[in-house]
Structure formats: structure tokens, C-alpha cells
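The listed protein sequences correspond, in order, to chains A and B. Position 207 of the first sequence, counting from 1, maps to 207 under my numbering, and the rest follow consecutively. Position 225 of the second sequence, counting from 1, maps to 225 under my numbering, and the rest follow consecutively.
Calculated from the structure, these hints are not laboratory results. Some hints could be false.
[What the hints assert, rightly or not] Looking from chain B toward chain A, a few residues come up when the C-beta cut is under 8 Å (computed):
no. : residue
1   : PRO77
2   : SER139
3   : THR143
4   : LEU159
[What the hints assert, rightly or not] The calculated BS3-like cross-link candidates involving lysine-lysine, where the alpha carbons are at most 25 Å apart (straight line), are:
no. : chain 1 : residue 1 : chain 2 : residue 2
5   : B       : LYS122    : B       : LYS31
6   : A       : LYS202    : B       : LYS202
7   : B       : LYS202    : B       : LYS31
8   : A       : LYS31     : A       : LYS164
9   : A       : LYS164    : B       : LYS164
Ideal Cβ positions, reconstructed from N, Cα and C, are used throughout, including at glycine.
There are 2 protein chains.
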Amino acid sequence: MKPARKDRETDAAGTEPRTMDDDPVVQGILKAISQKRLKPGTKLGEDALAQVFETTRIHIRQVLAHLVSRHIVTHFPNRGAFIYRPTVQEARDIFAARRVLETTTVATVIDKLDADMRRKLKQHISRETGHDRNDRWASLALTADFHILIAELAGNSVLLDFAKELMLRTSLAIATFEVPGSPDCSPDAHPVITDMILAGDKAGALAAMNRHLDEIEHRLHLGATAPDPDDIVAIFQDIGIAPARRGVA
Amino acid sequence: MKPARKDRETDAAGTEPRTMDDDPVVQGILKAISQKRLKPGTKLGEDALAQVFETTRIHIRQVLAHLVSRHIVTHFPNRGAFIYRPTVQEARDIFAARRVLETTTVATVIDKLDADMRRKLKQHISRETGHDRNDRWASLALTADFHILIAELAGNSVLLDFAKELMLRTSLAIATFEVPGSPDCSPDAHPVITDMILAGDKAGALAAMNRHLDEIEHRLHLGATAPDPDDIVAIFQDIGIAPARRGVA
DNA sequence: TTGATATAAATTGGCGCCAATTTAATGGTT
DNA sequence: AACCATTAAATTGGCGCCAATTTATATCAA
């Protein structure tokens, strides 16, 4: 009698499973989002992307479907895919979720801190402080990497995935609600948190991380006003110009 | 001059965005997984699914791609899609993540408890205790709904999404590592937690939730042994039958 | 000019076909 | 009888084509 293969995959004989996360097109789009080159509301045309990345339209289609599943892109039937624009409530939820996850990862890192983790933390901070300050795009990528690194060091693959998704969605929230021209976060927040982690000061590190997230969130326009960038009335109201009546110069 | 539409979607004129989560095929597969009718490792053939759900193969393909993005299904090139089988480490990470998220949601629910939330909690418990005990499949779906309900009541859409994903992945972890025939969790765990929530006993509720999750996790075979169901040697070793040498009856 | 209407262009959605690969079946060999 | 090579069947992967819908352009009336 034969071993009876049933409905299961064979014993690791075939090729490895394929994820969409290591796809160059996906990485390219995600990197562009985290660097705020791609802003919420931007249309992602299939032909355009296929031409830019030099692939087929079917490949682009799969990539967009994946990004829709990851809440990075919205899909309107017969109209196409657009970079997702979070709502005000969703932006608040994202930051609340980050507070939960990142305080946990920070605490975990402090608990199981070893020489290798110390080295990686110091190495990242040196890169973050020592890089070219004028290169705004590299700068944005590095600040996101700090939070990702902490999640990596915590050693929980599930929480790491969540952290990565939250960092992306934070980028979308910032790009949607930021007041134009303000920096994303103070330049010394990450070194402060890192020092407290390295010192084993758990309470201090947690407080610093919470303050850091509060600071980022409070820099945004999360009032009750509609955040639609196409709403020019709200835009000029923000600057202090009330809508004039008909016929008035 | 024209309003210059630029690269943004129009002002809510078109159709609503389309998510994959309300797709009947997706819901059907997820429900089958949470009820443990679909076990990890099962092959999801495209033609087979298309015939079962009476749709096209392209639709099934999109559904499978979505489930791959959600870590519910693995995709082997040229071989097809299979229900994902978590590793031992991943199962532990899932439970650790659940402890983080669910203690948070429980605490939040207690903080903002109102009459409507009390009613929904009581209603669920009455359904969970009063349903037909022999209907094992309805039972499994209800126990998952309890944790989802708490996440809903917490009011954070992001954490709710995470909770839903974790419940699915927990089902996969249980189906992969459970000792066959044991119940998923003790029948009075949810009423106990609910009572403490309704009483406003935050410390007690958190402790009870942690104990509940510990209980579920410790019911699993998360030792160092390889969990491959196709490894019949390990299976019989678990029962106490050592592999015989060649030629022995 | 402003607004609405009709026509044309562009984009997405979906179906069918066929190549590439894997899996099952067949037959021969030790 | 077990094992290996070969052949046949089945399944997935991908490309092209065309219908459906949306978006842009042109035309005309107020």
C-alpha cells in the first residue's frame, strides 16, 4: 500500500511558499509611501505602474490586490486603485494601537536585552543621527526603521507584522492630516528612548515612547473638520479666510 | 480654467470602495476554518472551489490571493494554495499577541462600559450558554465571537481587525497542535470573564482573560517535537508506539 | 462665460486559450 | 514485491482579446 497522500502538501519537496511582501513592486510602493513620495488619494493606474516597474499588468493587478488587503490601497470598481486616505477616527485608532503594541515591544526588549540587541540599537541611532540631514527622504525611512527595529528585537513575528502595518498606516495618516512643512517628530526622541532602554529604565522608556507617540499624533490636524484636500473652503478657512458671498470682491 | 482634478479620486461621486472581506467565498472559507471543518494543510484547488461556490476561477484566484495576504493560506508556485499551517514559534507568538491585545480591549471595555455594552455582553453569554450543546460547529463559532465582541466594544477599528486576524490564526494553531478530542476551552471561562467585566473588576478580568488564554495555549502540543501530520512516525510515537525495525511484524 | 449634453478616448474587468510545471499512472528492472 | 524511469493527466500561471464602465473632450444652448 502507498503512503496515501490525501489532501495535504507534500513533504517539503517542492518550491518554497511565495509571499507578496518581497515583491520588488510592493517594496517600491511601500517605500515610496513611507517616504511620502506617494500621497493618499493618488491614483495607481495599472498601465502606468506596469510601465514604471517594467512588468505586466497582471502582476500589477496582483500587487494592488495585496495592498488592498493590507489596507494601504482602496479599490473603486471600474475606477481603479488609490492610495488609501484614513479617516480621522482611523488615524486616532492607529495611534492608540501603536501605543498598545509599542509599549509592549519596548518592555519586552528591556526584559530580554543582551549584547547583540544593544549593538543593533546603538548602530541604528548612530545611523539616524549621523546621516545627511538634508536628505529628507532617507531621513523619513530611518525614523520608521527605529520602531520596526524595536519590534524585531522583541522577537514576536506576529507583533512585528502588526508593527510594520501600523508604521505604513501611520505614514498615510501623517500625510493626510499633517500641517504642511512641519517635521514628523523631534530629532532627539529616538535617542532618548534608546538611552532609557539601554539603561534598563522600563518605566522611563515606556513614558518616553508614549510621549513620542503623543507628540506625533498632536502634530496632526485631527479636529472635527473634514480633512478632504479637495475641499478648498476648509483649506482657506484653516488659513483664516472665510468664504465670501456671491459678488463680493 | 478648470478645477484641475489632479491625481485624486473624485468627490465621492462614484461607487463605494470594494473590500474582499464581505465576499461570500471569503466568508465561507473563514467560517469553515473557524469551525475547523477546513484543517491546516488542506489543498484549496481553484477549479474545485469554483465549482463548490459556483463562481469563476478568476474570482477564486482573487479570493486566494486575499487569504494569502491575511496569512490564512500559503501559496506554492505551480502547486496551488493550502490552508496555512503555523509553526510552533508562530503559535506561541499568536497567543502572546492575543494576551497583549485582549487585555487592552478588556480594560478599555471596562473603562467605557455603558448600558448598551452590558446588554450586548449579556446577550452573547446567554446565546453561548443556551445553545444546543451537541452542535459542535455552532459552538466553535460562538466562542470565537466572544473575543471579537469584546474587541468591537473597545471601539478601535484597527485593534478589531487585528483581533479578527488573531482569532483566525488561533483556529489554525489549535487545529494544528491540539491533542485530538479535547475541547477548545472550558465552558465557563467566558461567563466568568464577562461577570468580572460587568462588575467593573478590572484586575480580576485581566487575570481571568490571561488564565483563559494560558489554558487554551497549554492544551496544545507546543513541545519541541515536529508537528507535521504527515510524519506518521512522530504521530505513533506520541501514542506510545516506537517505530519497529525492518521485517518485524 | 457657465452649464448641460453627446461623443470619443482611456481604463478597468473578465473570459478563454495555451504554455509550464507538477502530480498521478504506467511499465520495466533489479 | 519494491524501486526507478517514462509517459499521461491534471492543475496552475500568464498573455491577449474584448465588453463594460468611467473619464475626458467636444459641441451646443442659455
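Against the structure, the hints come out as follows:
| no. | hint | result |
| --- | --- | --- |
| 1 | PRO77 | holds (5 Å) |
| 2 | SER139 | violated (25 Å) |
| 3 | THR143 | violated (20 Å) |
| 4 | LEU159 | holds (5 Å) |
| 5 | LYS122/B - LYS31/B | holds (24 Å) |
| 6 | LYS202/A - LYS202/B | holds (23 Å) |
| 7 | LYS202/B - LYS31/B | violated (32 Å) |
| 8 | LYS31/A - LYS164/A | holds (12 Å) |
| 9 | LYS164/A - LYS164/B | holds (18 Å) |
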